[in-house]
Each structure stands twice: as structure tokens, then as C-alpha cells.
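Undergrad: Those sequence lines, one after another, are chains A and X.
Using my numbering, the first residue of the first sequence is number 1, and each one after it goes up by one.
Using my numbering, the first residue of the second sequence is number 1001, and each one after it goes up by one.
Just so you know, these hints were derived from the structure itself, not from any lab.
Calculated lysine-lysine pairs in the DSSO-like style (CA-CA distance at most 30 Å, straight line): (1) LYS49(A) x LYS69(A); (2) LYS1057(X) x LYS1009(X); (3) LYS49(A) x LYS1057(X); (4) LYS49(A) x LYS1009(X); (5) LYS58(A) x LYS68(A); (6) LYS1057(X) x LYS1014(X); (7) LYS49(A) x LYS1071(X); (8) LYS58(A) x LYS69(A); (9) LYS68(A) x LYS49(A).
Computed footprint of chain X on chain A; a stretch qualifies when at least three of its residues, placed anywhere within it, have a C-beta under 8 Å from a C-beta of chain X: (10) 37-47; (11) 104-111.
Ideal placement from N, C-alpha and C gives every residue a C-beta, glycine not left out.
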Amino acid sequence: AQSVTQLGSHVSVSEGALVLLRCNYSSSVPPYLFWYVQYPNQGLQLLLKYTSAATLVKGINGFEAEFKKSETSFHLTKPSAHMSDAAEYFCAVSLFNTDKLIFGTGTRLQVFP
Amino acid sequence: NAGVTQTPKFQVLKTGQSMTLQCAQDMNHNSMYWYRQDPGMGLRLIYYSASEGTTDKGEVPNGYNVSRLNKREFSLRLESAAPSQTSVYFCASSEADFSSSYNEQFFGPGTRLTVL
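Only chain A is shown next, with the shape it has when bound in the complex (with noise of 0.2 Å):
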């Protein structure tokens, strides 16, 4: 079965700092993967998807996220992070041909000034 896992479920940066948050999935063929940002007391809102394009996926905001088949990873990065972009962030992941996605835990980021 299919999951994902999201390492580090708090992670703080300094404004204009580069920001890392980690995925690693589980699927014995290839997925589909996502990200998406929820603000405080908001709904979920995809930053970016992965559909075997192309590895190096460019989402909102600055955001963007590499697939790496050989670490089963789908990191999301942004290389200066701005207030703005504290929120909590979900990874999630769908098979070819499903309709259903499976989240990881979320990891929600703070900025600091």
C-alpha cells in the first residue's frame, strides 16, 4: 500500500533562509505526488504536482519540489523564505488511476524575523 511520511513535523526558519521540508513515499509503482499549504484556519491549497513530466517541479510562491526515484523523496524547497510562508504543509500521494489521495502528518513551518 501506498503511504507517505513527512520527517519533522515543526520546522522554523529565518526569514530570507532556505527552506527544506522532507517526503519520502511508499508505493511499489510510480506515484503521483502533491503539496499542499494550509494557512492558519484555511483550507488546503496545492502548491505543486508531480505527474512524471518532469522531475523538478515548479509550484506558487517560489516553491518547488524534485522527485528522486532512487531516495523514493519529493522534498519541497523555497531558497529564501519570507514570513508570508509560515503555514502548515502536507505532502500527499495518489496512484495512477485512483481517486483518492493519501496525506502524510504535515509539517508546519515557522519563520522568524
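Given chain A's structure and the hints, the job is docking chain X onto it.
TA: Just chain X, lined up with the frame of chain A:
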């Protein structure tokens, strides 16, 4: 487009009371979902509906029922609320267009439910 809307935004129930959470989408999506979000557990699927007239259990269906009233609306009912059902509930929808080979879900703003 309003996207996915949920009512109510907040609700407090006493143990044993019943209530229905409403969800509607205006994107003509086929699939709809109900999740609950609890601290440290991410989102867990309660029920989903792949099309009008069909519903299936997700990971945590016990204590809940659903109705896919039409293509737009998907409601979640708690027949006898328990404190363990205190959570934030999210509705989502997706095109579930398998010809595109992926499933992007669009989420509503959530309902915060407290059961005393």
C-alpha cells in the same frame, strides 16, 4: 466560482446530538470527499463519492454517514456525536479525470466541530 463551500464554519454539540455538515461545489466535479483533520495525524478520509449516486468508505468511516444528493452536494452526518469526533472537517472535490492521469483535489474552508 465559489469553488467548494461548507456550512457551518463552527459547531458545538453535546454528546449524543446529531448534525449534518453540508458541502457544495460549483466546478462540475465528479468526485467528492470528506476528511477529518486532527493534530499530528494529517488528513484522514472518512467517505468519498466517485460520482452522483455512489459512496464508499474511507479510512475512518465509523460514526458517520454520507449522502451524495446530486452532483454538486455531498453531506456528512453524525447520528450520535461523540467527543472523539471533535475535529476539523474538510470537504474536497476533484475532476477525477483519469485521462489526465492525476487527481487534484480542491478543498473547502473547513468546519470546526467540538463535541462536549
